[in-house]
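Undergrad: Here is what each chain is made of, one letter per residue.
2 protein chains.
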Amino acid sequence: MHTNCIEEVQLALHRVFMTQDSHEATLHRELIGRLQDLLGDRVSTALSIREQHGRGESWHPLQMPDAVCFANTNEEVSQIVKMCAETRTPVIAFGTGTSLEGQVQAKYGGICIDLSQMDAVLEVNSDDLDCRVQAGVTRRQLNQYLRDTGLFFPVDPGANTSIGGMAATRASGTNAVKYGTMRENVIGLTVVTASGEIIKTGTRARKSSAGYDLTKLFVGSEGTLGVITEIQLRLFGLCEAISAAIVNFPDVRSAAEATMLTIQMGIPVARIEVIDTAYVRAVNQYSKTDYPELDTLFLEFHGTHAGVAEQVKLFHEISSEFGASGFQWAEKEEDRSRLWRARHDAYYAGLAVMPGSRGYVTDVCVPISRLAECITETQADIAEQGLFAPIVGHVGDGNFHSTVFFDPADKSAFAKILEFDKRLVKRALAMGGTCTGEHGIGMGKLKHMRDEHGDAAVEVMRTIKKALDPHNIMNPGKVVEC
Amino acid sequence: MHTNCIEEVQLALHRVFMTQDSHEATLHRELIGRLQDLLGDRVSTALSIREQHGRGESWHPLQMPDAVCFANTNEEVSQIVKMCAETRTPVIAFGTGTSLEGQVQAKYGGICIDLSQMDAVLEVNSDDLDCRVQAGVTRRQLNQYLRDTGLFFPVDPGANTSIGGMAATRASGTNAVKYGTMRENVIGLTVVTASGEIIKTGTRARKSSAGYDLTKLFVGSEGTLGVITEIQLRLFGLCEAISAAIVNFPDVRSAAEATMLTIQMGIPVARIEVIDTAYVRAVNQYSKTDYPELDTLFLEFHGTHAGVAEQVKLFHEISSEFGASGFQWAEKEEDRSRLWRARHDAYYAGLAVMPGSRGYVTDVCVPISRLAECITETQADIAEQGLFAPIVGHVGDGNFHSTVFFDPADKSAFAKILEFDKRLVKRALAMGGTCTGEHGIGMGKLKHMRDEHGDAAVEVMRTIKKALDPHNIMNPGKVVEC
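Respectively, the protein sequence lines represent chains A and B.
All you need for the working numbering is the position in the first sequence, starting with 1, plus 132.
All you need for the working numbering is the position in the second sequence, starting with 1, plus 132.
If we strip away everything but chain A, and leave its shape as in the complex, we get (with noise of 0.2 Å):
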């Protein structure tokens, strides 16, 4: 910590004299000439432009970058990365600005660069079900651009983020527990290392194991050792079938339950989501559904005609045995798209519900033997806080995001949920489980990671990071602390 102080302090005179008229803002303003030289009105300064790319979708302040770049391709990525590492100037990829913990903030200034305009789907391998993507193209665009191919991509968190961001966070969403996160569904990456080279990791072999995995380091490390400009996708093949169905339960514990042991009996569900009752209110509002204000499952099965009606099967007595009532089942594609569609429109249906509020995202993930227990916690804990903090959760995967809408000019709300935070993080830890399964660590979740991985392997994230980006110019401040 001591030496992430001084690091804090040197990096902050930096940035004082970077708008000061000295050697440095000199070497500022070249770089941003250079910049221009390259990619002529594709670098903007504008404050608006700035503004858009200093946040993302929760609670963190908005933190600006110096200048914004458009990026079209690898070699202007390349071009732009090692021009900062010249001036010793931070670089922060960004693709749609949809993340939660403080990703694209600029802490320390610097070149945003975004990924948006580099949104090619540049092959579809049918026959191999994968296909390869520049980092800007978005889940939803994808899928479109898949349509008419039998094919699709599964990983689906609720925003319509790029490709790019996605696998930069580990992200996952509703279809994890049958298909996987983007950790299962990355097999490549075109990176922009800290040094400016362009290296490509892994093959379009489904396996190998030819040295470090740099794919999966690359996955999940949130811009830190390195921009990610092209991603190689596991595709799958659209089911014969598909049934969608919403199940209310007395509570959320029931609900968990039934979850953790339709998962324990090896029935392949797709989807399996709890919404409690305040979010179920909410979304109704928000999207003009009218589904039963109860706590409820959402779930999906996939397979063959006879599979699914044998996994449907399957659940409803399981289901059955934990209270559950009001089966509604949903086969056609507007229908289920349409229950989907609420179920991710969750954080922005809680948003609604109190204008003007941020919502501080909590995202545990445990064991699912344990997933029961931690929920039932949690909103005892709530409820002595009287804090409005709905719960949804993908709970075949035993994780679960509570989130807390607040008034981002009242300070000691804001004080009472770090506390909450902190007691919610405490409890999955000592389950054997994460501080976060989906959303990355960002600046947020910082505090919590010698907590999680403990001191040692901390200290091996590290001297990767100082490995890699002996400068610390790739989103400093954000996953480990140098």
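These are computed hints drawn from the structure, not numbers from a lab.
Please read all numbers here as calculations on a predicted model, not as lab measurements.
Please note: incorrect hints may appear among the correct ones.
Identical copies go unnamed one by one, so any copy, or any two together, can satisfy a pair.
Stated by the list, open to error - Straight-line Cα separation of at most 25 Å, DSS-like style, residue types lysine-lysine; simulated pairs:
| no. | residue 1 | residue 2 |
| --- | --- | --- |
| 1 | 579 | 332 |
| 2 | 598 | 579 |
| 3 | 598 | 332 |
| 4 | 598 | 558 |
Assemble chain B onto chain A, guided by the hints.
TA: For chain B alone, coordinates are given in the frame of chain A:
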């Protein structure tokens, strides 16, 4: 390559000095003495023990360690590594000695840490479908331990390897097509780092976005970044129904094409293995079986009774289109076990055909759309060269082994094999594949690393190696040039 050569010379000189009456020799004697203080008679410098630990199962020549330590605990491994770090002595981790690319050879001498006595299953969490084992537990031992729980661990390389060795090599086997490789099935590790620190990677949560994925970095690092001492593994529930089959094809190409269509149609086959005529003949001799001596697929389907019946029907239709014949089904446990044991013994069956021979095992893996083409071209090459190189393959993953059996005294035969291997790897890489699907790099495939990954990506791997093992003591000479 230049730096590499200098380092090799330095290390070679170091080895010479170690055996002289010099400062280094004194250090060496002192180290052995200190190890004996720690471990008593669990340190051996006996020639027979050192010989047994100086080679794997392939053609790579014997290179003995100076001493072998039989460790019992994480703390002992940590102490051994700390002593080696102080004296800059190489450390080689050893499980069952079944590696195929020279991974356990003591290229520069040093201390071999034999982990076979660390053979406890530490915990089985049936509710969460996971377990934790010490590195020396073998895959058969684990499944024997699990036999009354209704659970099993699917990853199954040919030999009865240790789980630690399998994790270190990123091994897979016949079940990978449905259940994944060690990459997907290791969820956490205990590792002793190059400085002797004990770290834990991962949690028991099924997913996490908390920082760099150290688990996946150590999986496949072949002991070059640290010694894996404990492994947290995913387990799977035994299926209601399992059906194994063998099916004959007119040639390997047809078998590969039938496999490709099976995978593309999303049939969740658990195992799908090709064995060519030459190998079936060898297996029949070695395992006293009477399989028809033709190019053959060995398969297995897992699921519910209805699900398996559906898969079998679909596969039957597909394979008939490719001229399949002689379907034989096995559903009883003992019949299936006999079938798979025969498949797993293929390598030993090949060795038995040519007594005194060694096997040069190739291991390319290509996108499944290129598999038939890759195998066909390789068969033509084998025929042209007049090699005895039967083919067996995890064709569901695009991975196949052509094993060239040869007389180790015949130098010209060996030169011919190296050229054959070079052409095979070049062919696979040109098709978007990898030089090794599951055997790892060791020393044998170091020469292919730059062709596969490119110089810049190999430099990233070297940077990681140098940062985490600055004195190059962890299994030096393997995976990356240092």
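Undergrad: Work down the list of hints and note, for each, if the structure agrees.
TA: Verification of the hints:
Taking CA atoms no more than 25 Å apart as the test, residue 579 paired with residue 332 passes between copies only; the shortest distance there is 18 Å, against 32 Å inside one copy. Only within a single protomer do residue 598 and residue 579 lie at most 25 Å apart by alpha-carbon distance; the minimum there is 19 Å, versus 28 Å between protomers. With identical chains, the CA atoms of residue 598 and residue 332 are at most 25 Å apart both within one copy (21 Å) and between copies (21 Å). Taking CA atoms no more than 25 Å apart as the test, residue 598 paired with residue 558 passes in neither setting, with 29 Å inside one copy and 35 Å between copies.
When each numbered hint is compared with the structure, a violation occurs for hint 4 only.
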